[in-house]
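Protein chains in written order, with my numbering: chain A, 343 to 744; chain B, 49 to 412.
Certain hints may be false.
Said to hold, decoys possible - Short derived list, chain A residues pointing at chain B, Cβ under 10 Å:
1. 555
2. 616
3. 694
4. 696
Keep in mind that the hints were calculated from the coordinates and are not lab data.
This structure is a prediction, so every number in the text was calculated from the model and none was measured.
From the three backbone atoms N, C-alpha and C, an ideal C-beta is built for every residue, glycine too.
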Amino acid sequence: MLVVLLLGVCMPLSSQTDYKRSRGEGLYKCESANTVGSGDVWVHLRVLGFLWDADPEAEGRPKPYPFAEAKLCGGLFNIAELSLESRALSYIWDQKPQFGSIVAGAKVTTPNNEDIRFHGFGLEIKYQHNFVKAFSSIAGFRNEGTGFYPEGFAVAGGTMTISALYDLDLIAKLSWLPVKMYANTGARIPFNKEYVDYSQYLIYLGAAYVGLGADVFIEYSIEAFGNTSTDPKKFSFAWPGWGGSAKTWEVAFPENPMYLTIGGRVRYPSGLVLYGAVPLLLSQNVGSAMTDEDRKALSDSKNNPNGKFYDEWLRGVTDPFDPWYAKWKIILQASFPFFYKMTGAEMRRNFLLLKNRRDKKKIDIDKRIDLQQGESEQDNEADRKKRLEEIKKRREEIENKE
Amino acid sequence: MNNTISVLICIVWILCEAAFSQTQTVKRGRNEGTLYIPASNVMGNGDITAFTGLGGIITSEKAEAGAEIGGAIGIAGILQVNLQTSFINFNRLGPTEAHLQATIPGNDRLRFFGFALAGDLYLSTSLDTIGVNADSTKPEFNPYPLFSAIMDLDWLSRPKQLPLKTYVAFGLADDPKLLFEYRQLSFKAGFEVKRYQHSLFIDAGMGMYKEKNNSSSTRQTFDQRYVWVSPGGRYRLRQRFSLLGSLRWTVYRHVDKTSSLDPQWFSINLKFEAPLFFRETNTEAIRTMVFIEKKKEETNKEQTEQDIAAKSSVLTNLENTMSDIQKEDETFDYKKEKEDLIKRREKVDALMNEIEELLNEDKE
Chain A
343 MLVVLLLGVC MPLSSQTDYK RSRGEGLYKC ESANTVGSGD VWVHLRVLGF LWDADPEAEG
403 RPKPYPFAEA KLCGGLFNIA ELSLESRALS YIWDQKPQFG SIVAGAKVTT PNNEDIRFHG
463 FGLEIKYQHN FVKAFSSIAG FRNEGTGFYP EGFAVAGGTM TISALYDLDL IAKLSWLPVK
523 MYANTGARIP FNKEYVDYSQ YLIYLGAAYV GLGADVFIEY SIEAFGNTST DPKKFSFAWP
583 GWGGSAKTWE VAFPENPMYL TIGGRVRYPS GLVLYGAVPL LLSQNVGSAM TDEDRKALSD
643 SKNNPNGKFY DEWLRGVTDP FDPWYAKWKI ILQASFPFFY KMTGAEMRRN FLLLKNRRDK
703 KKIDIDKRID LQQGESEQDN EADRKKRLEE IKKRREEIEN KE
Chain B
49 MNNTISVLIC IVWILCEAAF SQTQTVKRGR NEGTLYIPAS NVMGNGDITA FTGLGGIITS
109 EKAEAGAEIG GAIGIAGILQ VNLQTSFINF NRLGPTEAHL QATIPGNDRL RFFGFALAGD
169 LYLSTSLDTI GVNADSTKPE FNPYPLFSAI MDLDWLSRPK QLPLKTYVAF GLADDPKLLF
229 EYRQLSFKAG FEVKRYQHSL FIDAGMGMYK EKNNSSSTRQ TFDQRYVWVS PGGRYRLRQR
289 FSLLGSLRWT VYRHVDKTSS LDPQWFSINL KFEAPLFFRE TNTEAIRTMV FIEKKKEETN
349 KEQTEQDIAA KSSVLTNLEN TMSDIQKEDE TFDYKKEKED LIKRREKVDA LMNEIEELLN
409 EDKE
């Protein structure tokens with residue numbers, strides 16, 4: 343992937359200034375309400391990594407978690423988009439890499455997307471099948487592939503995600519302000535009936551400065567457990583790995599996975615788009631934490647009104663929980679179009695961006711030297727011809743005299 | 049890990065060779081500074097530079113080697129993103145950093161005063177077991193969003209055209225590995241003699257440390273500090289790759305004996321920078337022209353001592369270039385260039401507005 347990426351960047355560039363931009367470009371979690379152009383096919387290759395926990399067998403060294411993902415997006419009938427993505431390399435277990443997941447998605451948008459639109463609405467449905475069998479979990483709260491991953495809660499097998507998408511493209515009204523806002527809201531529902539109660543609602547909000555060759559963005563995302571009240575969501579399981587004993591723990595609203603992501607992308611006229619993002623965890627602990635001290639305090643609170651976590655004990659909590667998710671992640675992505683035809687909307691965006699660009703006159707040293715060398719060579723050639731003509735004239739004069 | 053780094057270096061080298069095999073002039077990045085302080089200027093839009101480094105440090109208690117690898121990309125002419133990670137003793141992941149540097153306008157000309165603010169994101173790879181919700185069974189690797197500021201003066205832009213650049217920098221991180229344990233302040237200053245290709249520099253700095261509240265210690269002031277100096281240089285290979293090297297000594301150290309803080313006494317650093325995608329910026333083009341002009345003046349001085357007839361017949365291409373530059377007399381005439389640009393811009397703007405109106409009519 344690195345070689346492909348570098349080759350794409352180092353490729354000699356033409357004088358083309360029409361950057362190939364995808365109409366359906368989103369942020370990290372935020373999806374655009376728009377779709378990629380009809381017949382266009384984009385490929386996205388992504389690597390993602392974070393540190394989490396420590397490796398006891400390697401003298402407590404940080405344990406890196408690297409993942410590899412690929413996504414294919416194709417536009418259909420100008421208002422629809424089909425996508426297929428996969429986490430090909432997922433959590434390593436017993437020193438063996440596992441295949442992660444496959445996601446198939448379909449997105450439709452309102453049929454007014456031929457030009458840049460101020461308001462954009464869309465709907466997306468995704469089916470995800472999670473193949474992970476085992477993983478390093480938060481506090482061991484895991485039943486095979488289901489449980490609390492360092493990235494959040496996930497369920498093994500099938501999950502359906504339905505999202506409503508909206509974006510506000512300010513450049514449509516104010517051509518000097520190339521800012522785009524994104525808002526997605528949806529629900530992730532497991533097919534396994536045992537876990538339906540642990541469905542999550544999703545809210546992703548983002549803002550991006552969409553430039554001619556580069557974008558920068560900021561995004562907020564939350565994947566929260568649905569609750570009918572403001573009380574924490576209670577989990578109570580006796581999963582096989584725990585020897586039959588039941589555990590009860592609570593996840594308060596601030597303990598849901600919440601990330602603030604900053605990132606950007608750079609486009610090259612060859613079509614290559616390089617993308618980088620860093621999500622930073624915002625979740626905060628409420629109540630008992632998963633430290634030895636709090637575990638003991640929770641245990642001591644049993645039948646003890648003066649106990650530090652007596653209220654939790656009253657609610658039946660047996661084990662503490664805190665948002666020990668990955669504190670940060672790094673995401674790098676290379677995208678390029680296999681089939682591409684510029685859409686009217688993006689052609690207009692390029693035009694407006696070019697129109698408002700304050701470009702400066704470039705001084706090209708190489709060209710100057712080349713030009714000078716060229717002129718010098720031309721002068722020499724002209725001198726030679728002139729001298730030759732003079733010699734010929736003199737020769738003719740001498741011959742005439744003779 | 050060593051093999052990975054070697055392979056990466058080889059790939060970068062081969063691609064660079066292939067991509068830039070027809071270089072004529074020096075490929076000098078606008079962001080080039082000393083080893084410890086980057087210039088306030090940012091790289092040209094879309095330009096990409098990859099770098100890798102090797103180093104070793106000696107402290108009171110240990111000797112450690114390390115490697116780093118990373119890249120930088122220029123965005124929109126006034127922003128630059130740097131990403132880098134390091135490997136301690138070549139087998140353990142060290143600090144990973146992302147920096148977003150924004151500079152003040154005037155970035156694309158040879159400015160005397162430059163200033164930049166950077167958002168520095170340190171993604172800690174140190175096992176934090178002393179945080180509020182952390183313990184030895186549940187280490188945390190927290191991100192630390194901080195900031196830094198850089199100011200530089202480019203004396204080449206002054207009438208005397210001294211090839212000197214001076215830097216001052218302030219930041220909230222001195223040693224990213226210790227951010228989970230200490231609040232930090234970092235002050236740095238640098239002098240660089242910046243020649244056409246190569247340069248020599250000397251940096252000096254001070255790191256100040258205060259233990260964090262969650263530490264068992266009660267020290268609450270930046271009373272632990274050390275001062276260092278570091279001479280070094282930049283050697284340009286094949287007019288485009290840069291090899292930087294420096295030695296660093298700690299000249300003053302005040303560290304509490306009961307503290308775990310152990311700043312380095314001595315270090316050696318080598319860094320290799322390769323532009324993967326490069327477009328000449330006006331700033332560095334002007335710098336190159338100043339050097340060419342100076343060279344021409346020197347050449348003229350020498351030639352007046354020689355035979356005038358011989359001199360006139362051996363005009364070099366370089367001199368021709370300079371004659372052209374002098375004849376045109378426009379390279380440094382910003383007013384004229386600006387007026388021309390404004391006129392052209394007005395014409396283009398008028399045409400584009402007409403097109404936009406037509407498009408809007410069509411849309412309605």
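Evaluated hints:
no.	hint	verdict
1	555	holds, 6 Å
2	616	holds, 7 Å
3	694	holds, 7 Å
4	696	holds, 8 Å
Violated hints: none; the structure is consistent with every hint.
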